[in-house]
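*Asks:* Listed below are the residues making up each chain.
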Amino acid sequence: MNDTPTKASYWQAAPMAVIFALFFVVPLVVIVVVSFWSYNQYSITPAFILSNYTDIFHGCFAQLPGLCTTFATYLQTLIFCAEVWALTLVIGFAIAYFLVFEVRSQTMQIVLALVCTIPFWTSNVIRMISWIPLLGRNGLVNQMLLSLGIVHKPLEWLLYSHFSVLLAFVHLNTVFMIVPILNSMARIDRSLIEAAHDSGASGWQTLWNVLVPLSKPGIAIGSIFVITIVMGDYITIGIMGGQQIASVGKVIQVQTNFLQFPLAAANAVVLLACVLGLIWALTRLVDIRKEL
Amino acid sequence: MSYKLNGTSVDRRTFLKGTAAAGTAILGSQILGAPAVHAAEGVTLRYLGTAVNQSADIAKKCKEDTGITIEYIPVTTDEVAKRIITQPNSFDLVDSEYFSLPNLIPSGNLLGMDAKKIKYADKLATVITKGEVDGKKIGLQGTAPSKVFYLEGEHSTKFAKSPTEWISLIPTTYNADTLGMRPDLIGRKVEHWKELLNPEFKGRVALINVPSIGIMDAAMAIESAGLFKYGDKGNQTKDEIDFTIKTLIAAKKAGQFRAFWTDFNESVNLMASGEVVLQSMWSPAVTAVRSKGIKCEYPGLAEGYRGWASGFGLPRTTRGKKMDAAYEFVNWFLSGWAGAYLNRQGYYSAVLETAKAHMEPYEWDFWMEGKPAAKDIHAPDGTLIEKAGAVRDGGSYVARMGHVACWNSVMDQNEYMVRKWNEFIAA
Chain Z
1 MNDTPTKASY WQAAPMAVIF ALFFVVPLVV IVVVSFWSYN QYSITPAFIL
51 SNYTDIFHGC FAQLPGLCTT FATYLQTLIF CAEVWALTLV IGFAIAYFLV
101 FEVRSQTMQI VLALVCTIPF WTSNVIRMIS WIPLLGRNGL VNQMLLSLGI
151 VHKPLEWLLY SHFSVLLAFV HLNTVFMIVP ILNSMARIDR SLIEAAHDSG
201 ASGWQTLWNV LVPLSKPGIA IGSIFVITIV MGDYITIGIM GGQQIASVGK
251 VIQVQTNFLQ FPLAAANAVV LLACVLGLIW ALTRLVDIRK EL
Chain C
1001 MSYKLNGTSV DRRTFLKGTA AAGTAILGSQ ILGAPAVHAA EGVTLRYLGT
1051 AVNQSADIAK KCKEDTGITI EYIPVTTDEV AKRIITQPNS FDLVDSEYFS
1101 LPNLIPSGNL LGMDAKKIKY ADKLATVITK GEVDGKKIGL QGTAPSKVFY
1151 LEGEHSTKFA KSPTEWISLI PTTYNADTLG MRPDLIGRKV EHWKELLNPE
1201 FKGRVALINV PSIGIMDAAM AIESAGLFKY GDKGNQTKDE IDFTIKTLIA
1251 AKKAGQFRAF WTDFNESVNL MASGEVVLQS MWSPAVTAVR SKGIKCEYPG
1301 LAEGYRGWAS GFGLPRTTRG KKMDAAYEFV NWFLSGWAGA YLNRQGYYSA
1351 VLETAKAHME PYEWDFWMEG KPAAKDIHAP DGTLIEKAGA VRDGGSYVAR
1401 MGHVACWNSV MDQNEYMVRK WNEFIAA
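Protein sequence lines correspond, in order, to chains Z and C. Residue numbers for the first sequence follow the working numbering, so the first one is 1 and each next one is one higher. Residue numbers for the second sequence follow the working numbering, so the first one is 1001 and each next one is one higher.
Mixed in with the good hints there might be a few duds.
[What the hints assert, rightly or not] Derived list of chain C stretches under chain Z, where covered just means 3 residues or more per stretch with a C-beta under 8 Å from a C-beta of chain Z:
id, stretch
1, 1096 to 1105
2, 1254 to 1264
3, 1416 to 1423
[Unchecked claim] Quick list of simulated restraints, FRET-style, between CB atoms:
id, chain 1, residue 1, chain 2, residue 2, range
4, C, Asp1381, Z, Arg289, 53 to 61 Å
5, C, Thr1076, Z, Phe163, 43 to 51 Å
6, C, Gly1255, Z, His152, 12 to 20 Å
7, Z, Ser191, C, Gly1255, 34 to 42 Å
8, C, Pro1299, Z, Phe163, 48 to 56 Å
9, Z, Met144, C, Pro1380, 37 to 45 Å
10, Z, Trp157, C, Pro1380, 41 to 49 Å
11, Z, Ala82, C, Gly1255, 23 to 31 Å
12, Z, Leu134, C, Arg1188, 25 to 33 Å
13, Z, Ala21, C, Leu1384, 20 to 28 Å
14, Z, Ser123, C, Gly1226, 45 to 53 Å
15, Z, Val29, C, Ala1115, 44 to 52 Å
16, Z, Val103, C, Pro1380, 53 to 61 Å
Since the hints were made in silico from the structure, they are not lab data. All residues carry an ideal CB built from backbone N, CA and C; glycine is no exception.
Construct the entire structure; sequences and hints are all you get.
*Replies:* Now the structure itself:
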C-alpha cells in the first residue's frame, strides 16, 4: 500500500476541501474577526477591541461565588448537556444492544432501526409542539392523572419546565446515540461474547468488560453529536421551557436581533471554545481516529 | 418552456426579450435580485415586511388595479430591521415599524418619501402625523410615530423637529394593544395593567419576549401597581431599567409567569389551551382564539393602551421605474380598498375616509364607531368574527387610539436594556 499522497488523491479531496473552506472556515474566521469589532445601533466598524469579551463577563468574577448571567446561562446549558448525554447514552445503548444481540434476523434489525427514525420524518419543531397538548395543564397526561385520582390538581411542572426541556431533548437526540453505537456493536465478533461466557464472566461483566470498551467509538461519536446539539440549541429550550430558561443560543439570537453583531460573535466564539473543550476532553478518553 | 426566477414564473420568450432589453448596462444587484424581464409589461416590487399586512388578496387586487406585481418577502419584525441595515438592495419597498426608525435612519439606508408624490399626504391619520386624535393630544411616551415622522431631507439621517416634505414612513397599519384575557377562567373584570403582576394569577400569566415591547407592557404594569413612576416608560434611564428588571425577576422567581412568547401563534396557543389566562397579546391573536370558539377579551384598561404603527419606506437602492411603481403602489394602498381590508381585520388604516368609502356602513359602525353590530361581522376571508349585536372590545377608534399611553420603543439605553432583559430571562 502506498501511503504517500499522489496528485490524484489531492484532486479527490479538493471538492470537499473547497466546500469546507468556503462554507465553514471562512464564516468562522469572519465571526472571530467581527468579535473584535466595535458597533453602534446601526453599524459595525472594523477595530480591535476586547470590550465585547469583557462585556460578556462583566462583573462575573467580582460576583463570585454568586453567578452572573453568563455563568448562570452556561451552567444551565452544561447541566442540560450532562443530563441529556447520560440519558441518551443509557437509552441509546440499550436500544442498540437490543437491535444487535436480541433481534435475530437481519431484515428485522434493519426494519426496527428504521422505525427509530420515524419521528425524524417531520420537522423537529412539530415534534416538540406535539408534546404541548400532552403535557399541558389541561393536557392528556394531567387529565388522565386527575381522572385516576392520582393527583387532585393538574401538575404544573410537566410543561414549561426543566423536566419538559429534558424530555424533548432526549426524545429528539436519542437516535443520534443509537446509530453510531449500533454501528460499533454490529462489528463486534460474537465469538468474543461466547469466549467471555465460557471463561465464566457474568452478563454484567461481559457488558462492562467486553461490549462497552468495544462500543467506545460509537459512544464517543454519539456523544459528540448530542453535546454539540444541546450546547447550541435554543429552539427546544425556548419552546419547551416557555422561554423562561436561558440558553447561550437564545442570548446570541437576541443580540443579533438588536444588530449587536460583534457582541453576538464574541458570544459565539466563547460558546465554540466551550464545545471544543468538551470534545477535546472526550477525545482524550477515546482515540476516535485509532478506533475507526 | 418556462423558468422559475425568484419565485415568479417567466416564459422563455419574455425572458430572452427582457434580458436583451436590459442589455449589459444594468448589471448588479438589481438584476440579480429581481429580473428586469417585467420591464416591458409592468413592474415587480419586492415588498419586505412582517406577515401582518402581506395578504395575497391585497397583492391580487393591486395587480388588477395598477398592473404592479407584488412579491412578498415575509419575515419577523426584528428581521425587517436587520435586512434594512445589512441588505438594503434585497427589496424595493419595506413595511417597517416606526419604533425601529431610531436604529434605521442614522444608517442612511432609508430614503425620505416625498410628500408631494403622495396623493393623500394631508389626509394621513393625525394620530400618526401629530400624535392627536380628534384634536386631542395622546400619550407619546416611547418611540411615538409623530416623533420620527419627518426627515430633514431625502437623504437625511436625522429626524426633523417640524413638518417637512420628507416622510420617514407612510403609515400602513397601526393599533392600540392591551392585555388579552380569558373571561371564563378569570371570572371577573380586568381593568388595570397591574393585574399582570397580581399573585392571584400566579403561574397563569405570559409576557412577550421581544424586549422593545415586553418592557413596555412590564412598565405599564409596574406603574399601574404604584411601584414606580417613570419619567418616560419608553425611554428609561439605567436606574429605571434596573428597577423594571428587578421587579420582573422577583415576579418570575415567585412563579408569576407561565411562559414567554415571541411568535404570534405561540400567544394563540397559550391562550386557547388555557395555560395562560392573562397576557401580552396582539389584536389578531385575540381574533384567532375567538375563531376557535373560545372566549377571549381584549379590554381597554384604565391606564391606556400601548400603541404601535408601521409604514412604507424606500431603501436607498430603489430608483427609476421601481421608484415610480413604489409611489404608485403606496398611493393605491392609501386609496381605500386595502385600508378597508385592514380595518376589517381589526387594524386601523392610514387614511380613514378612503377606507370608509370601501366599507359597508354597518361594518364602519362596528369597527370604527364602537357601535353594536347591525349584522354578523365577517373577516375579509369570510370567517365569522362576531354575531350581530356584538360590540368591539374597547369601543370606537377615538376611545381606543385616543387612549394610547405609550408606544413600542427603542430606548437611548437600548444596549443596556437588552443586556438586562437577558438577565431577566436567565434568572
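*Asks:* Look at each hint and say if it fits the structure.
*Replies:* Tested hints:
For the stretch 1096 to 1105 of chain C, the stated coverage by chain Z is satisfied: 3 residues place a CB nearer than 8 Å to a CB of that chain, which reaches the threshold of 3. Restraint check on the stretch 1254 to 1264 of chain C versus chain Z: 6 residues with Cβ-Cβ distances below 8 Å, three needed, restraint holds. Look at the stretch 1416 to 1423 of chain C against chain Z: 5 of its residues bring a Cβ nearer than 8 Å to a Cβ of that chain, three or more, so the hint holds. The hinted range of 53 to 61 Å is satisfied by Asp1381 of chain C and Arg289 of chain Z, whose Cβ atoms lie roughly 59 Å apart.
Against the hinted window of 43 to 51 Å, the Cβ-Cβ separation of Thr1076 of chain C and Phe163 of chain Z comes to about 29 Å, which falls outside the hint. Restraint check, Gly1255 of chain C to His152 of chain Z: a C-beta distance of roughly 19 Å satisfies the suggested window 12 to 20 Å. Between Ser191 of chain Z and Gly1255 of chain C the C-beta distance comes to about 59 Å, which lies outside the given range of 34 to 42 Å. Separation of Pro1299 of chain C from Phe163 of chain Z is about 35 Å and departs from the stated range, judged on CB atoms against 48 to 56 Å.
Distance hint check: the CB atoms of Met144 of chain Z and Pro1380 of chain C are about 41 Å apart, consistent with the given range 37 to 45 Å. Checking the proposed 41 to 49 Å range against Trp157 of chain Z and Pro1380 of chain C shows it holds: the Cβ atoms sit about 42 Å from each other. Taking 23 to 31 Å as the suggested C-beta distance range, the pair Ala82 of chain Z and Gly1255 of chain C conforms, at roughly 26 Å. Take Leu134 of chain Z and Arg1188 of chain C: their Cβ atoms lie about 31 Å apart, and the range 25 to 33 Å holds.
For Ala21 of chain Z paired with Leu1384 of chain C, a C-beta distance near 58 Å fails the hint of 20 to 28 Å. About 46 Å separates the C-beta atoms of Ser123 of chain Z and Gly1226 of chain C, a value consistent with the hinted range of 45 to 53 Å. Distance hint check: the CB atoms of Val29 of chain Z and Ala1115 of chain C are about 47 Å apart, consistent with the given range 44 to 52 Å. Here the CB-CB span from Val103 of chain Z to Pro1380 of chain C is close to 57 Å, well matched to the stated 53 to 61 Å.
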